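So the sequence shown is numbered by the numbering used here: it starts at 1 and just counts up by one.
To be clear, the hints were calculated from the coordinates, so they are not data collected in a lab.
Everything numeric in this text was worked out from a predicted model, so none of it was measured.
Glycine included, every Cβ here is placed at the ideal spot set by N, Cα and C.
Treat the hints with caution; some may be incorrect.
What the hints assert, rightly or not - With a straight-line cut-off of 30 Å between C-alpha atoms, the simulated DSS-like cross-links for lysine-lysine are:
(1) 298 / 348
(2) 278 / 386
(3) 324 / 392
(4) 425 / 412
(5) 324 / 386
(6) 472 / 425
(7) 503 / 472
(8) 425 / 490
(9) 490 / 348
(10) 324 / 490
(11) 472 / 490
(12) 298 / 207
(13) 194 / 298
To be verified - Ranges of calculated distance between the beta carbons of each label pair, as one might list FRET restraints:
(14) 186 / 214: 19 to 29 Å
(15) 189 / 410: 19 to 29 Å
(16) 302 / 386: 26 to 36 Å
(17) 315 / 278: 28 to 38 Å
(18) 393 / 501: 47 to 57 Å
(19) 207 / 472: 18 to 28 Å
(20) 219 / 409: 42 to 52 Å
(21) 214 / 501: 49 to 59 Å
(22) 226 / 265: 17 to 27 Å
(23) 501 / 315: 39 to 49 Å
(24) 450 / 215: 40 to 50 Å
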Amino acid sequence: MHLDTADHPDDRSKVIRDSIHHLISYLEDKASIAARADKRDEEYDTFWLPAASRISGLIVAWNSAVTTLGKDNLKCRATALPCDKPHFPVVCEKAHNPTCNRVHNAPCTRPHSDSPTKSTAPTGPNTTLAPISNAAFSQVAARKNITREHVDIANDIRTKVAVSDEVALRMATEQADRAKTKSTARVTPKDANKTIFIPIGHLPADKFASMPAAGKFADVINARREEFEDQVLIANWCYAEHGDISDDTVECRPNHNFKIPVLMHVTVTRASIQFTFKGAIPAASVSTMQPFMTSFCKGAVQQLLNPIDKATADNLEAHAFHFKSSVVFSNILPTNPDNSPFSTEDFKASLVDSPLWGGVTITSVRFWQPPTSDSGIVFVDFHDDKNNTHTKRIIHGRTRIGADFIPCRITKPATTAKTATQCRKCLRWGHLTGACQAFNSHCNTCAGNHSTEHHTTHGGTAPTKCFNCGGKHAADSTECRFYLKRDDRKWLFDNQPRFNRIKGVWVYYNSRKTGEALSTTAA
1 MHLDTADHPD DRSKVIRDSI HHLISYLEDK ASIAARADKR DEEYDTFWLP
51 AASRISGLIV AWNSAVTTLG KDNLKCRATA LPCDKPHFPV VCEKAHNPTC
101 NRVHNAPCTR PHSDSPTKST APTGPNTTLA PISNAAFSQV AARKNITREH
151 VDIANDIRTK VAVSDEVALR MATEQADRAK TKSTARVTPK DANKTIFIPI
201 GHLPADKFAS MPAAGKFADV INARREEFED QVLIANWCYA EHGDISDDTV
251 ECRPNHNFKI PVLMHVTVTR ASIQFTFKGA IPAASVSTMQ PFMTSFCKGA
301 VQQLLNPIDK ATADNLEAHA FHFKSSVVFS NILPTNPDNS PFSTEDFKAS
351 LVDSPLWGGV TITSVRFWQP PTSDSGIVFV DFHDDKNNTH TKRIIHGRTR
401 IGADFIPCRI TKPATTAKTA TQCRKCLRWG HLTGACQAFN SHCNTCAGNH
451 STEHHTTHGG TAPTKCFNCG GKHAADSTEC RFYLKRDDRK WLFDNQPRFN
501 RIKGVWVYYN SRKTGEALST TAA
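Construct the entire structure; sequences and hints are all you get.
In structure tokens form, the structure reads like this:
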């Protein structure tokens with residue numbers, strides 16, 4: 001039987017195997033004859049003997065391949081060209097030599113490193129592995145969700161940095177996760193469309209302690225609700241709602257069944273008072289219910305807050321829930337071109353007139369100048385939606401301020417409490433006790449170089465004295481000039497007490513112009 005006449009793969013294999021056996025037998029006979037006759041020449045040693053060894057190894061590999069792979073994978077092709085593509089490592093090295101040096105007439109079914117293959121990783125989808133090894137892919141895929149994008153990035157990393165497959169794939173997943181665009185939409189809190197907020201962050205801490213409980217606010221709201229339902233509603237509200245009432249009529253039309261929503265609960269925090277009602281309050285763009293409810297709740301809070309702090313009660317603001325955003329303008333000079341001082345009111349007016357800020361509700365404008373800088377920065381807080389629509393438009397444009405077009409950048413919105421805090425260790429204003437870097441503590445009662453807890457032991461009968469201004473009151477007194485100026489951080493920094501090392505005394509802000517010290521207490 002010849003190879004050309006053998007059509008079946010089994011017949012082809014038998015022909016090749018028999019031919020190799022005949023060749024081996026012939027070479028072995030020639031070798032034995034030459035050895036007995038002692039006629040081994042150079043040609044035999046350099047060619048025939050190595051050829052016999054190679055063919056013998058081929059027979060062993062052939063038999064092993066037949067046993068391991070089966071006969072379906074041993075199809076020979078007419079061109080007899082070996083597969084020169086690089087392969088991934090396999091378990092059985094006998095059956096699959098990495099160089100794939102056997103011939104076959106069917107396409108190579110083993111995974112090549114230059115062709116895409118699929119893998120079913122435990123936690124990752126099917127993806128291209130080339131040229132990442134199976135071992136590295138399995139180790140990383142067990143902890144991360146591998147995609148085709150990750151493998152492409154890993155391939156690029158390996159061409160630039162000499163790292164292992166596992167490290168490259170791990171770096172690729174981290175890089176892809178960072179580059180992935182995250183949703184900027186903010187989550188609306190529960191019952192946000194049912195709640196009216198009244199900020200009270202400017203209320204001093206000592207007066208906040210005198211605030212009534214939440215139940216008291218609920219009683220006032222319920223009493224006002226019953227009062228409004230027993231009589232005619234506010235006339236101007238009805239005019240705004242109906243629009244067709246005669247000038248002399250203040251009663252609602254018969255079909256108008258307006259009722260104030262039922263109060264569910266009241267929450268009192270250091271930042272705000274929150275009234276949550278049953279049922280959603282329509283937006284101001286849809287109905288006049290929201291403006292009416294904000295005025296309704298504001299009146300209830302003012303009724304209870306007037307005896308505590310009338311100034312804060314008169315300046316209360318009430319609003320429905322909204323997202324708060326903030327931007328900052330840098331390099332703002334403290335004086336205008338005409339040498340007049342910078343005014344936040346003028347800056348806010350410029351923002352309102354700017355087309356870029358059209359439709360934006362600005363809540364606050366604050367200017368701050370570092371003590372060691374010639375220019376300052378302006379923080380602008382405004383209302384925004386959950387998708388940051390206004391913020392995205394503003395930071396990608398320029399705002400006209402006077403004759404200049406100034407860019408801005410996004411920043412974290414300021415907290416409700418904008419006042420400076422007083423350190424309980426050094427008694428200075430502007431930083432927390434945990435962040436204090438002072439070496440010595442000072443007494444809140446006598447301004448001595450000891451903590452307030454040790455005043456009786458170290459201070460004895462020392463008179464009451466403020467550490468910050470030198471007055472005859474405690475350092476945390478509400479009568480202190482520093483307490484009254486707690487909203488002006490620049491003033492607090494410029495006027496804090498200084499220690500005169502020559503005289504060994506503290507010099508206070510109201511005695512620096514004359515150079516005299518109000519204190520003779522050594523540090």
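Structure-based check of all given hints:
Distance hint between residue 298 and residue 348 is fulfilled; the C-alpha atoms sit about 25 Å from each other, no more than 30 Å. Restraint check for residue 278 and residue 386: the C-alpha separation of about 23 Å stays at or below 30 Å, so the hint holds. Taking the CA atoms of residue 324 and residue 392, the gap is about 13 Å. The hint holds against a cut of 30 Å. Between the alpha carbons of residue 425 and residue 412 the distance comes to roughly 29 Å, so the proposed pair stays at or under 30 Å and holds.
Pair hint residue 324 plus residue 386 holds up; C-alpha atoms about 9 Å apart against a cutoff of 30 Å. At roughly 19 Å between alpha-carbon atoms, residue 472 and residue 425 fall within 30 Å of each other, so this suggested pair holds. Restraint check for residue 503 and residue 472: satisfied, since their Cα atoms lie roughly 22 Å apart, inside the 30 Å limit. Using a Cα cut-off of 30 Å, the hinted pair residue 425 and residue 490 holds, with the two alpha carbons roughly 21 Å apart.
At most 30 Å may separate the alpha-carbon atoms for a hinted pair to count; residue 490 and residue 348 meet this at roughly 21 Å. For the given pair, residue 324 sits about 26 Å from residue 490 by alpha-carbon distance, which is consistent with the 30 Å threshold. Of the pairs offered as hints, the one joining residue 472 and residue 490 holds, with about 24 Å between alpha carbons and a cut-off of 30 Å not exceeded. At roughly 18 Å between alpha-carbon atoms, residue 298 and residue 207 fall within 30 Å of each other, so this suggested pair holds.
Simply put, residue 194 and residue 298 have alpha-carbon atoms about 15 Å apart, close enough for the 30 Å limit, and the pair holds. For the pair residue 186 and residue 214, the beta carbons lie near 27 Å from each other, so the given range of 19 to 29 Å is met. For residue 189 and residue 410, the Cβ-Cβ distance of about 21 Å falls inside the hinted range of 19 to 29 Å, so the restraint holds. Our hint of 26 to 36 Å for residue 302 and residue 386 holds, since their Cβ atoms are close to 31 Å apart.
For residue 315 paired with residue 278, a C-beta distance near 30 Å keeps the hint of 28 to 38 Å intact. The hint said 47 to 57 Å for the Cβ distance between residue 393 and residue 501, and at roughly 55 Å that hint holds. Evaluation of the 18 to 28 Å hint for residue 207 and residue 472 yields a pass: the beta carbon distance comes to about 23 Å. The beta-carbon spacing between residue 219 and residue 409, approximately 47 Å, falls within the hinted interval of 42 to 52 Å.
Between residue 214 and residue 501 the beta carbon distance is about 53 Å. The supplied range of 49 to 59 Å therefore holds. The supplied range of 17 to 27 Å is met by residue 226 and residue 265, whose beta-carbon atoms lie about 18 Å from each other. The hint said 39 to 49 Å for the Cβ distance between residue 501 and residue 315, and at roughly 44 Å that hint holds. Between residue 450 and residue 215 the CB atoms are about 43 Å apart, so this pair conforms to the stated range of 40 to 50 Å.
Every hint from the earlier list agrees with this structure, and none is contradicted.
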